[in-house]
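Using the sequences and the hints, build the whole thing.
Per the working numbering, the very first residue in the sequence shown carries number 1; after that it's consecutive.
Restricting the straight-line Cα-Cα distance to at most 30 Å, the calculated cross-link-like pairs of lysine-lysine (BS3-like) are:
{"id": "1", "residue 1": "Lys238", "residue 2": "Lys307"}
{"id": "2", "residue 1": "Lys243", "residue 2": "Lys227"}
{"id": "3", "residue 1": "Lys145", "residue 2": "Lys227"}
{"id": "4", "residue 1": "Lys269", "residue 2": "Lys59"}
{"id": "5", "residue 1": "Lys238", "residue 2": "Lys421"}
{"id": "6", "residue 1": "Lys243", "residue 2": "Lys307"}
{"id": "7", "residue 1": "Lys238", "residue 2": "Lys227"}
{"id": "8", "residue 1": "Lys145", "residue 2": "Lys421"}
{"id": "9", "residue 1": "Lys59", "residue 2": "Lys282"}
{"id": "10", "residue 1": "Lys59", "residue 2": "Lys243"}
{"id": "11", "residue 1": "Lys307", "residue 2": "Lys145"}
{"id": "12", "residue 1": "Lys59", "residue 2": "Lys227"}
{"id": "13", "residue 1": "Lys282", "residue 2": "Lys269"}
{"id": "14", "residue 1": "Lys243", "residue 2": "Lys421"}
{"id": "15", "residue 1": "Lys421", "residue 2": "Lys307"}
{"id": "16", "residue 1": "Lys145", "residue 2": "Lys238"}
{"id": "17", "residue 1": "Lys145", "residue 2": "Lys200"}
{"id": "18", "residue 1": "Lys243", "residue 2": "Lys145"}
{"id": "19", "residue 1": "Lys200", "residue 2": "Lys227"}
Using C-beta positions, here's what the derived DEER-type ranges look like:
{"id": "20", "residue 1": "Arg82", "residue 2": "His331", "range": "53 to 61 Å"}
{"id": "21", "residue 1": "Trp242", "residue 2": "Phe183", "range": "40 to 48 Å"}
{"id": "22", "residue 1": "Arg422", "residue 2": "Phe183", "range": "49 to 57 Å"}
{"id": "23", "residue 1": "Val364", "residue 2": "Val268", "range": "42 to 50 Å"}
{"id": "24", "residue 1": "Met237", "residue 2": "Cys114", "range": "36 to 44 Å"}
{"id": "25", "residue 1": "Leu51", "residue 2": "Pro240", "range": "44 to 52 Å"}
{"id": "26", "residue 1": "Val396", "residue 2": "Ser177", "range": "44 to 52 Å"}
{"id": "27", "residue 1": "Lys282", "residue 2": "Val396", "range": "24 to 32 Å"}
{"id": "28", "residue 1": "Asp399", "residue 2": "Cys114", "range": "42 to 50 Å"}
{"id": "29", "residue 1": "Trp68", "residue 2": "Ile194", "range": "24 to 32 Å"}
{"id": "30", "residue 1": "Asn332", "residue 2": "Gly53", "range": "28 to 36 Å"}
{"id": "31", "residue 1": "Trp102", "residue 2": "Lys243", "range": "38 to 46 Å"}
{"id": "32", "residue 1": "Ile333", "residue 2": "Leu95", "range": "40 to 48 Å"}
The hints are simulated quantities; they were obtained by calculation from the structure and are not laboratory data.
Glycine is no exception: its CB is placed at the ideal position from the N, C-alpha and C atoms.
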Amino acid sequence: MTNKWLKALTVYFDRRMLIMAGLGFSSGFPLLLVFGTLNLWLDASGISYALIGAFSLVKTPYSFKWMWSPIIDRVRLPLFERLGRRRGWAVFTQLVVMSAIWGMSFIRPAEHTCWMALMAVMVTIASASQDIVLDAFRIESFRDKEQGAGAAVFVLGYRLGMIFSGAVALWLAAYMSWNQVYFIMGFGAFVGIITVLCSKEPARDRRYKEPKLKGSFRQRLHGFVDKAVVEPFADFMKRPNWKLILLFVFLYRMSDAYMGPMANVFYVKMGFSTMEIASVSKLFGMAATIFGGIVGGIVVSRFGIMKSLWICGVLQGVTTLAFVVQAYAGHNICVLIGCISLDNISGGMCVSAFVAYMSSLCNVAYTATQYALLSSFMSFARDVFAATSGFAAAAVSWDVFFILTSLMVVPGLVVLYVLQKREAGGKTEKTGGIKLS
Numbered sequence: 001m002t003n004k005w006l007k008a009l010t011v012y013f014d015r016r017m018l019i020m021a022g023l024g025f026s027s028g029f030p031l032l033l034v035f036g037t038l039n040l041w042l043d044a045s046g047i048s049y050a051l052i053g054a055f056s057l058v059k060t061p062y063s064f065k066w067m068w069s070p071i072i073d074r075v076r077l078p079l080f081e082r083l084g085r086r087r088g089w090a091v092f093t094q095l096v097v098m099s100a101i102w103g104m105s106f107i108r109p110a111e112h113t114c115w116m117a118l119m120a121v122m123v124t125i126a127s128a129s130q131d132i133v134l135d136a137f138r139i140e141s142f143r144d145k146e147q148g149a150g151a152a153v154f155v156l157g158y159r160l161g162m163i164f165s166g167a168v169a170l171w172l173a174a175y176m177s178w179n180q181v182y183f184i185m186g187f188g189a190f191v192g193i194i195t196v197l198c199s200k201e202p203a204r205d206r207r208y209k210e211p212k213l214k215g216s217f218r219q220r221l222h223g224f225v226d227k228a229v230v231e232p233f234a235d236f237m238k239r240p241n242w243k244l245i246l247l248f249v250f251l252y253r254m255s256d257a258y259m260g261p262m263a264n265v266f267y268v269k270m271g272f273s274t275m276e277i278a279s280v281s282k283l284f285g286m287a288a289t290i291f292g293g294i295v296g297g298i299v300v301s302r303f304g305i306m307k308s309l310w311i312c313g314v315l316q317g318v319t320t321l322a323f324v325v326q327a328y329a330g331h332n333i334c335v336l337i338g339c340i341s342l343d344n345i346s347g348g349m350c351v352s353a354f355v356a357y358m359s360s361l362c363n364v365a366y367t368a369t370q371y372a373l374l375s376s377f378m379s380f381a382r383d384v385f386a387a388t389s390g391f392a393a394a395a396v397s398w399d400v401f402f403i404l405t406s407l408m409v410v411p412g413l414v415v416l417y418v419l420q421k422r423e424a425g426g427k428t429e430k431t432g433g434i435k436l437s
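What follows is the structure, encoded as structure tokens:
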């Protein structure tokens, strides 16, 4: 038993993990620069609350990245062709992210609000495009059993990137202007650029050969659309249980997604100050999420994807019930530390198992497109359905709200059970064509 656990740990000492940490940082740091940190800059510039709220629309491209993912999946950039399909796009998008952030650093929001919005949208589009290619790079770098560990380290880097553009940016803002802060933030893109240049094209991508299209321009264009847009979705829909898979992707993390919008509101209602909330969520929450992600990767490597989904899914529901205790304890900082730590550990484990599952669903010929589709579908639960959580919280007491939220893991686990029941028999079990052992 001990040897099996040690074997599961060895993947974390692979050189690829250092690469995943760097790529995760590159993926994570632009987000707050067009969201939380930017909102503080806008507020400091005297921008109205209504306009600050409208700036949240600049994040919209993250939810629609599947629309242009076929281009990134299939097209080799002419000036970056020597780097390879994945590395070329990665460096290109990172250069655009850096340039757009530097563009923001030369704008005064109060005087040129529209230009600031335009540059923020450019950062978002470039960042979303970077996510498409880096997700494909990560998936193609690992075998199925290694996907959980790869995702865990990628998320670790992602969190560090958010600390850089969040906490570090706020610290710098105390000593210099916001324009200077954003100029410094632009250098964060060098982490990803250096990481990509020091890495190799994923082995699975090196083996893939793009078929050459022949005929007139119109025929080649039709052929490209067919192969880049139609085939990835058609390939996914060839799976016997593809509708169930999409339903599972939508439901699995519903409990966590539904609680998210009301978490800070709940803490305030319990009497916690914003400083207490920030300190506990940033210090204990971040550490717990990273720890949970690493544990989740080990669990996936040790037990396989499907068993890990069961373990992490049940834990997600159980740890949500901890907030029922907080509802009765009220303003108790020790209970808050325990609740947030437990919730973030299970959340980190779920991310590792769930990302490993979605990664395993992707055909190597269409990795970027299919993963962009799945991740966008997952975000639909977070961004749309979870918007109703405020109505639920207003209609019932906090303890009942968290009990109901905890029970939201059940539909996803029921779909998971049905998926397993429909597997092909044999030692190498499959769900929707995926090796699960």
